[in-house]
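Student: One-letter residues, chain by chain:
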Amino acid sequence: MFAYIVRRLAVAVPTLLFLVVFSFVLMFAAPGGPFNSERPLPPQIMANIEARYGLDQPYWKQMWDYVVAVVTQFDFGPSFQYRDRTVNDIIAQGFPVTLTYGLWSAIVAVIFGVALGVVAAIRQNSWVDYTAVGISIGAQALPNFVMGPILVLVFTLWLGLLPGGGWYGGQWQYVILPVVALSTSYMASIARITRSSMLETLNSNFIRTAKAKGLPMRRVIVRHALKPALLPVLSYLGPAVVGMITGSVVVDVIFSTGGIGQFFVNSAFNRDYAVIMGITILVGALTITFNLIVDILYAWIDPRIRY
Amino acid sequence: MAMTDTQTAPARPQADGAPVLTVRDLAVTFETPDGAVEAVRGVDFELRPGECLGIVGESGSGKSQSALAAMGLLARNGTATGRIDFLGNDMLAASDRELLKIRGNDMSMIFQDPLTSLTPQLRIGQQMREVLEIHRKLPRKEADRICIEWLEKVRIPEAERRLRQYPHELSGGMRQRVMIAMAMLCGPRLLFADEPTTALDVTVQAQVLDLMDDLKRDTGTAIALITHDMGVVARMCDRIIVMRHGRVVEAGTAEEIFGNPQHDYTKILLDAVPRIDKVKRSGKGEIDIDAGRGEEPLLKVRDLNVHFDVRMRGGLFGTTRKLRAVDGVSFDLRRGETLGVVGESGCGKSTLARGVLNLIPPTGGTVAWLGRNIAGSDRQQMKALRKDLQIVFQDPLASLDPRMTIGASIAEPLQVHTPEMRGAERAAKVREMLNRVGLDPAMINRYPHELSGGQNQRVGIARAVITRPKLVICDEAVSALDVSVQAQVVDLLIELQKTMGLTMMFISHDLSVVREVSHRVMVLYLGRVVELAGRDAIYTDARHPYTKALIAAVPVPDPERERARERVRLSGDLPSPLDTRAPLRFLKSVVKDDPVAEQYRPKLVEVAPEHFVAEHDPGLGSEGLRA
Numbered sequence: 001m002f003a004y005i006v007r008r009l010a011v012a013v014p015t016l017l018f019l020v021v022f023s024f025v026l027m028f029a030a031p032g033g034p035f036n037s038e039r040p041l042p043p044q045i046m047a048n049i050e051a052r053y054g055l056d057q058p059y060w061k062q063m064w065d066y067v068v069a070v071v072t073q074f075d076f077g078p079s080f081q082y083r084d085r086t087v088n089d090i091i092a093q094g095f096p097v098t099l100t101y102g103l104w105s106a107i108v109a110v111i112f113g114v115a116l117g118v119v120a121a122i123r124q125n126s127w128v129d130y131t132a133v134g135i136s137i138g139a140q141a142l143p144n145f146v147m148g149p150i151l152v153l154v155f156t157l158w159l160g161l162l163p164g165g166g167w168y169g170g171q172w173q174y175v176i177l178p179v180v181a182l183s184t185s186y187m188a189s190i191a192r193i194t195r196s197s198m199l200e201t202l203n204s205n206f207i208r209t210a211k212a213k214g215l216p217m218r219r220v221i222v223r224h225a226l227k228p229a230l231l232p233v234l235s236y237l238g239p240a241v242v243g244m245i246t247g248s249v250v251v252d253v254i255f256s257t258g259g260i261g262q263f264f265v266n267s268a269f270n271r272d273y274a275v276i277m278g279i280t281i282l283v284g285a286l287t288i289t290f291n292l293i294v295d296i297l298y299a300w301i302d303p304r305i306r307y
Numbered sequence: 001m002a003m004t005d006t007q008t009a010p011a012r013p014q015a016d017g018a019p020v021l022t023v024r025d026l027a028v029t030f031e032t033p034d035g036a037v038e039a040v041r042g043v044d045f046e047l048r049p050g051e052c053l054g055i056v057g058e059s060g061s062g063k064s065q066s067a068l069a070a071m072g073l074l075a076r077n078g079t080a081t082g083r084i085d086f087l088g089n090d091m092l093a094a095s096d097r098e099l100l101k102i103r104g105n106d107m108s109m110i111f112q113d114p115l116t117s118l119t120p121q122l123r124i125g126q127q128m129r130e131v132l133e134i135h136r137k138l139p140r141k142e143a144d145r146i147c148i149e150w151l152e153k154v155r156i157p158e159a160e161r162r163l164r165q166y167p168h169e170l171s172g173g174m175r176q177r178v179m180i181a182m183a184m185l186c187g188p189r190l191l192f193a194d195e196p197t198t199a200l201d202v203t204v205q206a207q208v209l210d211l212m213d214d215l216k217r218d219t220g221t222a223i224a225l226i227t228h229d230m231g232v233v234a235r236m237c238d239r240i241i242v243m244r245h246g247r248v249v250e251a252g253t254a255e256e257i258f259g260n261p262q263h264d265y266t267k268i269l270l271d272a273v274p275r276i277d278k279v280k281r282s283g284k285g286e287i288d289i290d291a292g293r294g295e296e297p298l299l300k301v302r303d304l305n306v307h308f309d310v311r312m313r314g315g316l317f318g319t320t321r322k323l324r325a326v327d328g329v330s331f332d333l334r335r336g337e338t339l340g341v342v343g344e345s346g347c348g349k350s351t352l353a354r355g356v357l358n359l360i361p362p363t364g365g366t367v368a369w370l371g372r373n374i375a376g377s378d379r380q381q382m383k384a385l386r387k388d389l390q391i392v393f394q395d396p397l398a399s400l401d402p403r404m405t406i407g408a409s410i411a412e413p414l415q416v417h418t419p420e421m422r423g424a425e426r427a428a429k430v431r432e433m434l435n436r437v438g439l440d441p442a443m444i445n446r447y448p449h450e451l452s453g454g455q456n457q458r459v460g461i462a463r464a465v466i467t468r469p470k471l472v473i474c475d476e477a478v479s480a481l482d483v484s485v486q487a488q489v490v491d492l493l494i495e496l497q498k499t500m501g502l503t504m505m506f507i508s509h510d511l512s513v514v515r516e517v518s519h520r521v522m523v524l525y526l527g528r529v530v531e532l533a534g535r536d537a538i539y540t541d542a543r544h545p546y547t548k549a550l551i552a553a554v555p556v557p558d559p560e561r562e563r564a565r566e567r568v569r570l571s572g573d574l575p576s577p578l579d580t581r582a583p584l585r586f587l588k589s590v591v592k593d594d595p596v597a598e599q600y601r602p603k604l605v606e607v608a609p610e611h612f613v614a615e616h617d618p619g620l621g622s623e624g625l626r627a
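Each protein sequence line maps, in turn, to chains A and B.
Read in my numbering, the first sequence has 136 at position 136, and its numbers run on one by one without any break.
Read in my numbering, the second sequence has 28 at position 28, and its numbers run on one by one without any break.
Read the hints as simulated data drawn from the structure, not as lab findings.
The structure presented is a predicted model; accordingly, all values stated were derived computationally and were not measured.
For glycine and all other residues, C-beta sits at the position ideal for the given N, C-alpha and C.
A hint or two may mislead.
Just the calculated beta-carbon pair ranges, DEER-fashion [to be verified]: (1) B/D210 <-> A/R306: 33 to 39 Å; (2) A/W300 <-> B/R379: 50 to 56 Å; (3) A/A141 <-> B/E160: 31 to 37 Å; (4) B/K141 <-> A/R304: 24 to 30 Å.
With a straight-line Cα cutoff of 25 Å, these simulated SDA-like cross-link-like pairs (lysine to any residue) come out [claimed, not checked]: (5) B/K137 <-> A/Y66; (6) A/K227 <-> B/R164; (7) B/K137 <-> A/R306; (8) A/K227 <-> B/T116; (9) B/K141 <-> A/R306; (10) B/K322 <-> A/R306; (11) B/K101 <-> A/R306; (12) A/K227 <-> B/Q126; (13) B/K101 <-> A/P78; (14) A/K227 <-> B/L100; (15) B/K137 <-> A/R218.
Listing some non-contacts, in silico: residues in chain B with all C-beta distances to chain A over 12 Å [what the hints assert, rightly or not]: (16) A75; (17) M179; (18) A183; (19) V485.
Produce the entire structure from the sequences given, and follow the hints as far as they go.
Tutor: Have a look at this one:
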């Protein structure tokens, strides 16, 4: 197991390098640069700015300098758009926000999604099942840019219970609505995956054995069916959790949370290479980490899997 | 077992001889989207203590559903009517709570497939212990003691260690023994065994059946043995009921049913069962025993190897070991003859077939087809050869494309090999072939799921022989079929061989069927030939201890003969094929005690004309043999 983890981490390094190179190539392939605007700057000033950010260097040199800075000093460089801030500053400010509401969203999505899916499977083809399936289809069909405004409308404007935006260091009343808006569709997916895999598990031979032993249904479900039924949910959770903790533009914008999602999109529009690269590497590293965690959990739940 | 008496079970011992279970007029109906399906329609039987009742029938006869109804384990859309009385409890009227107290306690059940019948994520100990926790409220230590006691009773070595193992760490035979131990933990009065040995190899089957027989005698537990295998019934059962279409067509003692069957269906069933002790094809086509004699072989296989690299754990990057699936196999195949290939699971039968046909490229050796080596041929060369070399697979439904009509599936080889043939002509050929394999040509536009297993296998055979191949390999081609259907497909194969002059390799784990169809038989053990001889020589004069054990393990469908037979037993499980010492199990005197060392390869010795036996040690239930 230890050797496996070391091997996986060893593979992660070239993967991230490839990610850097690939993103660089894509950015250079796109026309324009960070300092192009509708009213062109005088050539002398443009040259000065480009020299200051190293944009006058050949591409390979820029890429090399970037990688060296990241690897040796963990320095992602200055932002092109937010003139006096570095990428490290931006990530340090925005990432804790998305991490907070993202993790809460993941917890909410897993708990409610799994519960809904299990209940629906146990009561297959009853009104409970139809309600659960209805809820999850509805939740999945409702995009979060619709969900967000509805939540603000109901809980802020009509009921006056919760603030409609802002972050304020992540006080609980500011976290609730972003979490609901973000977690709903993930919860719906988890519920559907859980339901179908639980149905399949309940039809398997070992469940028949467990019943033949005279175990009460509750014990059959909790002890014998839950673990195998959750394996597919687990594989879904790897990328899903990364998606949640790196935030969503829509949630960031609607609830003005100051999360990292909105920086990512803005920097793409403004060709803020440094911010794009920084966040890309962050998401890449998180994806690799969470997939590894999922694989470790997999082996922990299912003894047949050994690496 | 002192502990088992301290519980409060419902109405325990009754007067000896009074039935444990009485089933009267049982009917089971399933509500399906296509309407109600009557799986069981009025079944009566009873079981007394210490008795083994055989419930026999083919798939769909309602035998399993009757047992599940008695256990209260019918699927949710099923309802049972009639009366099931178990030790004074009305099982059909009992509440869920009452049923929970009885299930796994006084009445337990083991199932067909031991590989999937244990929860993969829980340790053996956890799964066994919970039975005692639920029914006896025993503390863990006490429960562990009883679990170990039972694992030892079912002859599992190192019982204590097994409690901490997961199911996948045990072989199929071991897992079925764990199932039995688990079912016996609370000292049940009745054990339902639903096809308990069908998924097991014959030698393992023999061990499990012996074990069940001993348990029945020692504990007085009544056993209801549900099976399609008449040999198993003959060996185990005191009384038998024969079921068909949800009804009991005949009931009686084992001697009555086998000696003097009354109902036509029972007669058909008994007649269809192939026998290991004799070739019995009353009134049906027999193989032409002289076929191919003295002719130059069509196929010469010499020292064929199919080795796989298997990744092992250990070290930073792991290591690889060689799995010798087929290891130096040589044989000839003459025109018009059938070579039976037998052996237990993992012995390399199927890999051999695929290696011969180059479906898996062999790693060594030659396959000479009509004098030309085809091993290692490229795709283009093989494509031309496939017209002559065909294969029929085990699972008829899974090996046909579900989205193609059977007509299209059968016609496909013609499109590939004779592209110049016109559509109408091709359709005519397909119809003719359907007729030939005993299917109505009007079925040409049906899809595989609309056909029964036997019909689909006929389609598979039609597809294989439509190009008029010279060699057909049947890889477990009749193993998934019910006995009566199996007998018909065997008839068809023999008939096709005689009319088309087919040469066949018939691969099967079922030694009885092989006896019916084969001219010569080759016995494989862990990738090597241990014996190769004419069929009568193999079955009446086996020389190798492994062959003897295999033959002895197959039950004969005749209670008197079966119970009087002497048995040669192999104990334990098939060893790992990765261990190079394993194939030398019968020649231990030359083994180098190192699991990865190059080992001696036993030679084949011709002990009689055309009768080859691998070298083996003396004193293994037969005279020793060294080259």
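Student: The output says B/A75 does not contact chain A. Does that hold with a beta carbon cutoff of 12 Å?
Tutor: The assertion about B/A75 is violated, with a minimum of 9 Å to chain A.
Student: Return holds or violated for the Cβ distance of A/A141 and B/E160 against the range 31 to 37 Å.
Tutor: 55 Å, violated
Student: Below or equal to 25 Å on CA atoms is what counts here, so check B/K137 against A/R306.
Tutor: Measuring from Cα to Cα gives roughly 35 Å; hence the hint is violated.
Student: Check whether the Cα positions of A/K227 and B/Q126 lie no farther apart than 25 Å.
Tutor: 14 Å, holds
Student: Does the beta carbon distance between B/D210 and A/R306 stay inside 33 to 39 Å, or does it fall outside?
Tutor: Check passed, 34 Å falls within 33 to 39 Å.
Student: Using the C-beta atoms of A/W300 and B/R379, is the stated range 50 to 56 Å upheld?
Tutor: 44 Å, violated
Student: Taking the shortest Cβ-to-Cβ distance between B/A183 and chain A, state whether it exceeds 12 Å.
Tutor: 8 Å, violated
Student: Does the alpha-carbon distance linking A/K227 and B/R164 stay inside the 25 Å limit?
Tutor: Judged against 25 Å, a Cα distance of about 18 Å means the pair holds.
Student: Assess, step by step, whether the Cα of B/K141 is no farther than 25 Å from the Cα of A/R306, and give holds or violated.
Tutor: Judged against 25 Å, a Cα distance of about 30 Å means the pair is violated.
Student: Using Cβ atoms and 12 Å as the threshold, tell me whether B/V485 really stays out of contact range of chain A.
Tutor: Given a closest Cβ separation of 25 Å, the condition holds.
Student: B/K137 and A/Y66 were given as a pair; does the straight-line alpha-carbon distance stay at or below 25 Å?
Tutor: The hint is violated at about 66 Å.
Student: Decide if the proposed pair is consistent with the structure: B/K101 and A/P78, CA atoms, cutoff 25 Å inclusive.
Tutor: The given pair, whose Cα atoms are some 71 Å apart, is violated under the 25 Å limit.
In this structure, the earlier hints numbered 2, 3, 5, 7, 9, 11, 13, 16, 17 and 18 are contradicted, and the remaining ones agree with it.
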